[in-house]
Structure formats: structure tokens, C-alpha cells
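Student: Given the coordinates of chain A, assemble chain B onto it according to the supplied hints.
2 protein chains.
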Amino acid sequence: MSIIVKQMHGFFSPNSVAVVGASKKINKAGHVIFKNFADNRRRGVFKGELYPVNLHEDYILGFKCYPSLSKIPGGVELAVVVIPAAAVPKVMEEAAAKGVRSVVIISAGFSEIGKPEIENAVVSIAKKADIRVLGPNCLGVYDISTGVDMLFLPETKVLTTGDVFIATPRPMAGHIAMITQSGAFGVAALDYLTGRQMGISRFVSFGNKCDVDESEMLEYFLHDQETWIILLYAEAIEAGRKFMRVAERVTEKKPIVAFKTGRTKAGARAAASHTGAIAGSDKIYDAAFAQVGVIRVQDMEEFFDVGKAFAFQPPAAGDNIGILTDAGGPSVMAVDECESKGLTVKEFSEETLREFENLRLKGVFPKFATSLNPVDITGSATSEMFELSAKIMLDAPEINALIVLGLHHTPALQEDFVDRIASLAKHYTKPIVACDIGETEMALFIRSRFEKLGIPAYSSPEDASRAIAALVYYGEYLEKKGCFDDYVERWVRRRDIKL
Amino acid sequence: MSIIVKQMHGFFSPNSVAVVGASKKINKAGHVIFKNFADNRRRGVFKGELYPVNLHEDYILGFKCYPSLSKIPGGVELAVVVIPAAAVPKVMEEAAAKGVRSVVIISAGFSEIGKPEIENAVVSIAKKADIRVLGPNCLGVYDISTGVDMLFLPETKVLTTGDVFIATPRPMAGHIAMITQSGAFGVAALDYLTGRQMGISRFVSFGNKCDVDESEMLEYFLHDQETWIILLYAEAIEAGRKFMRVAERVTEKKPIVAFKTGRTKAGARAAASHTGAIAGSDKIYDAAFAQVGVIRVQDMEEFFDVGKAFAFQPPAAGDNIGILTDAGGPSVMAVDECESKGLTVKEFSEETLREFENLRLKGVFPKFATSLNPVDITGSATSEMFELSAKIMLDAPEINALIVLGLHHTPALQEDFVDRIASLAKHYTKPIVACDIGETEMALFIRSRFEKLGIPAYSSPEDASRAIAALVYYGEYLEKKGCFDDYVERWVRRRDIKL
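Those protein sequences? They're chains A and B, same order as listed.
Heads up: the first sequence begins at 1 in the numbering used here, then just goes up one per residue.
Heads up: the second sequence begins at 1 in the numbering used here, then just goes up one per residue.
No false leads were mixed into what you were given.
As the list makes no split between identical chains, a pair holds if one copy fits it or if it spans any two.
No more than 27 Å apart at the CA atoms, straight line, and that leaves these computed lysine-lysine pairs for DSS-like:
id, residue 1, residue 2
1, 480, 341
2, 6, 98
3, 24, 71
4, 127, 90
5, 71, 35
6, 265, 341
7, 341, 283
8, 127, 6
9, 71, 28
10, 346, 115
11, 362, 346
12, 242, 265
13, 346, 265
14, 367, 25
15, 24, 367
16, 362, 115
17, 28, 367
18, 254, 283
19, 128, 98
20, 98, 71
21, 283, 253
22, 47, 64
23, 28, 362
24, 391, 341
To be clear, the hints were calculated from the coordinates, so they are not data collected in a lab.
Just chain A, with the same shape it has in the complex (with noise of 0.2 Å):
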């Protein structure tokens, strides 16, 4: 392990910590962050030692309180820091003396409202004793795995009508890590991730950043078995060459799927009001993702949409999509959107054009059936035919991924068309993604089936497509760097393992 692995390892796996400012009011985010350690470790699934820290109180959810970190009898790995910014460089000092080797600074009231003296004395403390700083004015971790949980965001909210709505849920267990510097849209993606049944591995968000930034959390990433994918959020990167060197490390093993906001001149200036944070030529930051093999995003919902894409699919090992569908239109946007992602949609040649004339002779592909590129089934479309076109789709070497639109409307299809395509899938490596359009019963549970067997599932048909390119990019990207075979051969043998 090296150096920054192990630093970091201390945020997300402490053996001892300690609440600096725990607290008995409900409504006290050191209240909080307190109760869901003392939860976790009640269940189990947090097996550090847990110590409040308060003057005023002799005990908090049944853990004996101290009045300073010095005063905790045992070693404390990690403190969590939820006390106004004045009083915090007097902890950092306690820390020190302790030999805390990690610092969680919730609190806000520094650097963001144009207070630097506070931060700085915080810094100057913590490089003198060698102690990671995470924060201030950030959510800080939440790892499912160890059960450390820095979220003081209620989990739950009571409406004026007195019912109990969740309002920030925990997602479920997955391999998506997350980083970010907004700690608002850091629980935003939380409870999206939940809604959309898309597990994560771990959830950091460091605010000012002080000390640790998100090139060192990429570089615990890289080693953490349980992250395949990095979703990062950010405003700004200010180490442009060192998060360069570490990203280029990630990417040949793990995708990361940046979101950098601040891409207009007054998002820029949004930006800078916000966390301060001086976002740069945004040309810039293209370039150099780029260069990197870091996949950027426009909006929110492509950021998602691509992670789900990672977590699910194997990038393309080139650049021509084949499209199958039974709904015309819809296909007509799949087409839109991926010749706009610089992607292309050839005619196939002329031995698949044979292969889907022998089907329409044996009479199992319909008479006005399109077998160009995309291939439409039409209205007619069964299961049976789904099945046969995917496979000859994706047994032509021209294909390098294919977009299913599957739209349940057409009388005839069954929803097994979904596990007959998902079986099929098994014996490929190349990357499928599935479309059905509407949002009631039908369309939900046919995308919600296809994921449930490994296939990520979009609501319109440009969703899809760039889900696509960005398997295609990064696939490109893993190619030029030798490395596209290694990774198509590790992400076979999880999906084997899950099968």
C-alpha cells in the first residue's frame, strides 16, 4: 500500500473515532453523524472504537462522553470535526498531541465566505503532525462496506401533515465510487443512485479541500477492490498536473466519469461564488481529459447514465453501432444521437444482409422487416425475432456494440424478448445497451428487467446512444493504450462470476 492509499484508507476505514461535537439536540448535525456511527456500530457493520466528544455531556446514545480528544483513553484514528470553524485549530492542536492521523472538518465558515486566516491555521497544524485533513465546509465519507456514515443530512423528513417521507436514502452496495466537491449535489446523487437502484461502492465530498483533493482519492480508488467506477463531480481542479498523472494511472484499470461544471462564463463565475473555486479555460479541461482518458459529460442525467452504462457493459472495441429495433421513430433518434457523438451507423455487409435474408425466407423475420442498419422489426416483432437479430448482429464483425429499442407497445412481444437478449449477451463482449420508452407499468418493468440482467436500460433512445458513445470512447482510449484487452478479460470474469 502506498503512502496516499494508506492516508486515505484512514477516511474510509478507521480502527478508532472520534465525534468532536456529538451531541444529544435531534436536530444538530453532530447529533447526526454521531448516531449514525453509533447505529452501525450497534449493528455491526462500523467495528471501529466510538468516542463523543462534548464538554457538556457524560454520556450520548449510551457511549461515554470525554471533554477533549486528549482526554479518550484509547488511540483515535479518525476525528470528525462538527464545531464552529473558531474552535476547530484548537482541535487540530488536541489531534495532534493524540496522534490522530485523519480529520474529517465538517464545518463550514472558512475559506468559502472569504475567510482563509481559520484554513490556513488548520493546514500549518496539520502538516506539522502529519495529519490528512478532508474538508472543511464537506459531507465527508459515507462507506457502506464499514459503515462510516459522515451524512447529516436527515435520512427521513416529517411533512407538515405529520408524514414521514424518506428524503436523503443510503443507495445500496455496488461498485460505483463517488467524488465530489458540491456536498448538495453530493446527497442529490445519493438519493438519485437509490431511486435508480444503482449500487455504489463508497461516497466522498471534500468541500474546500484544504489538504486531500480528488487526485489523491482517485489514487485510493485505483486500489480499492470493491470501486470499478469513478464518478466525479467537480468545479474545479486546481492540481492539473498531478490529477493528470493519477488519472492517467486510473483510467487504464478503471473508468472515471467526470462532470465538470462552471463550462460557461457564468457558470464560471457561479462556480467561483460557490466554493471559490477558479474554474479555468474550459477548453482546457477537455483537452486534458481527453489526453487522460477521462470521460466528460454535459449534464447531470448523462453523468449518471453513463455510470450505469460502466457498472454494466464492457466498452466497444470501435466506433459502428448496430441498432435494433420494432418502433421506426425511436430508431431514427438513436441514429440522430450517435452520428452527433461521432459515432457511426453503417449498412451492414453483405453477409449479414444475407443472414437476415435467410430469416425473412424461413418466414421468422417479417416481410416489410428494414434489415439496413438500424434493423426494424416493426410492429410485428416477437421475441423470437429480437433474439435472432441481436444474434446476428452481434456475431458481425462490423458491429462493435449494439443499442436495443425495444418498445413493449407492439401486440405481439412478450417480455421475455428481455431475458432471451440478456442470454444471448453472455456469450459476447460486446457492449449492449436497451431503450423502451413510456413511464407507466409496462416501460418500467421491461427496464427494470433488462437491468436486473446486466443490460442498463434507458427511458428515450438519445440516452441510450450516449451511454454508447462513452462505452466507445473509452474503449478507443483503452486500445491506444494497449490496455483494452486487459480489461475486457477482468470485466468477463466478474460478469462470470455473477452469472
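Tutor: Same frame as chain A, now just chain B:
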């Protein structure tokens, strides 16, 4: 009523309908369509006479069956034709003899499979007899108020497990008219609109459009009281000048949102093999749409998002957008998207800044809040802060439209901020759209609450920004044409009736 309006009226409000090819067989389109009419007649929704036409049956669903159109005792205004293509010209001859005014040909197998002869025969008979024809190869008409329902796709589907699921739902009543060339996209759209609780007035799909085209439908919807917004999906508009003439008159009164696909070269090729459409140069469409005030969207989601914006909100009187948020990151996303769409997010006037400063001095605006634009009331946000800030922004003459990014996750924010903003909105004619991010309980509740109170709500900052951009473009066009005040006056009248 102009002659065209009168003719089109025959498709939506016929006094008597014959279904040629009505059937007892459950899976036949001729059965589903006849049953739709029969059910709606029993419910008292469809008030016209109804006649099944079938050589081999005496009765269908309790209705006396006739061997041909000519044998029907009463008059027939509209014939819906669901028999094989080859037999259609003969039916047209009978329709001509019978004095039928309108024919919808649902059947496929005409020019779209390279057989123009039958279609030409149909057109020539229709021309001579002054019959208007919709189709062939189409879904026809769905009219929620008159009970005309030609959708032959199964409303429910039985899974292989035996469970019954809604598959092709009918949306609720509302004021969006939908015109679509693609039938498959048409039903998918109905599914989407149903799930998103967007109401429609009427729906029409015209497939090969051998006679009636989008321009005539636009003319009809211009005069249709129930229709306030028109969504148009097209792969090609052949009669360009005619379209522009009509569209120009329509857009003075009602927004037309156009989703024109085949915008790339490969997309155009796909469209050609789908409906035989010659897509033409995409830039020409851009220019033509802009000239006559048609709002063009780039993808499916934007199509519906913009439709929803017009269903709820007035156009904007300028392009400077106010953004109000409790979440810094998402507000940067909104600014980026606004600026990319050519809008501005300018800093406030000194007067507006002073208003915010007053709030801060009174202690109702958080100390660390940003009052530039976006206004970020931070994680300390309360309902009151949202209301007070929104009021300042709606009062500010430099702000033409408002995006409220109210992320529900912040601890102190109660859900009644939605009601407060909606109450406030009633006193202004500036458009407001909202966004909350998340896919679990609270986010779904917040978005649906906004929409119940007349403010369209989106699940990403970019979607909200695209929606507001359309309200700005349309406002600019109306101003140029001198129709802005009339439009807003009509909009206010409708809003006040609802209140």
C-alpha cells in the same frame, strides 16, 4: 369554420362511424378499434352512430354487422379501414358512393413497402369524391372528449407469469395536442405523457400521409378551443411553404414544439427507410422553424419537457434568468445550460442587491448566502427564505424568468416552500420552473406538488433550463410579431379560471 377545419373536424367528431374490418377476434386491430368505439359509446363518451362492417359476421359486441358500407341504413361520416391493402380501393369506391366524408386507413402495405400503386388509386378516388383520407399505415386518431379512439395496441398485456400490466395507457384530459408521423413513437409518447401526468386534448398519427398532412392538422388545432399547445413529431415535412404559412398563423396564438428527426446524414437515411421520408437539409428546417416561431427541440426528453413548460407557464419577456437555490452545485449546472442556450444569468441591479441586503440585516436571509445570481440560500434554507427571495427576484425588473432549484435534502426546509412559491407566482406573469434532484419519495413528492400547483418541475437543472429557454425563445418571437401581450392575457385568463 373554414373548409379545412370542417373536414378535419370529421376525423375527431364524427356523427357516425363505420369500422370496415371490425372483427370478433381478440388480437385483430379491427377488434380492438371497434371495441374502443363500442365501449366509449356505452359509456356515453362517443355519441355517434356506430357500424361494424364485416362480410362474415351478423353481430359484433352486440352491434348489428353489415357486409359493406353500402348496406348500412343510415349515413356514414367517417370510415375507419382495417383490411388488407389490396381490398382498400374497393372500399374507397363504396365510401364515395355512400357519401362518406372522411376515411382513416389504419392498414399498412402501401407506399412504405415500395408499392405506391394502391395508394395512388386510393388518392385518386378520394380526390374525385371529395373524401379526406388519413393514413394509410397509421394509428389514426385518439380524442379524449369525443371518444374517437383508433389505438389498436393492447391497453394491457399479460406477462408470461400471468400478471396483467398496463402497456399502452391513455393520458388524462388536458390541452396538449400531439401530431406524430411515427405511430410507434406516438404510442410511446402516450405512455410517457400518462406516467408524467401530462394531459392531452387530441392525438393524431398519419403515417404515409397520402392526403391529410401536418399543416391541415395545425390549421384544425389553431381553431380547437381545447388545444393550447401543439407537439409535432416529424421525419419530413414535404409541403414546406404550406407548412410555413399555417405555422405562422398558429404560433401567433399557440406554441408549436417540433421534434424533427433525421437531423444527421445517417438519421436521414434511417428515416427514409422508415416512412420513405426525404428529410432534406437540416439547416433549412432550422431556418424555417425559426422564421415562423416554431420551437425546435433536439431530443425526446426536451420535446416533452418543453411541452410541459408551455402547458403550465407563460412565455418570458426577455432572456435574463434568475436562479434561486439552496444547492450551489446544481445552480452552476443551471447557469451553464442557460448560457449554452443563449440566455443570460446576469448579476442583479443595485436595487435588487439592496433588497437582499435588507433581508440579511433583518436576519431572515442567511449570513453566508450569495445574493448575486444565482441566489444561493445554502443548506440553512427555510420555506420563508425561499418565498422572500423569490419575491425579490420576481419583483426585479431585470429578471424575466425564474428557475427554483429547491433541493429538499437540506435539514430545515419544509415542503410548504412549494406552496409558498406557487401562491406568490399567481401575482406575476413571469414564467417559473422548478427542479428537485432525486428519485425517491420526497423528490417525487416535491416535483408532483409543484406541478399540481401549476409550476412545471424537472429532475435535473439542465432540463429545467432547457424548458425555460423555450419560454424565452417563444416570448421573443411573440414580441417580434406584436402578439406577446395578447398571448399573456389569454394565459392569465385561463390561469385565473383554474384558481
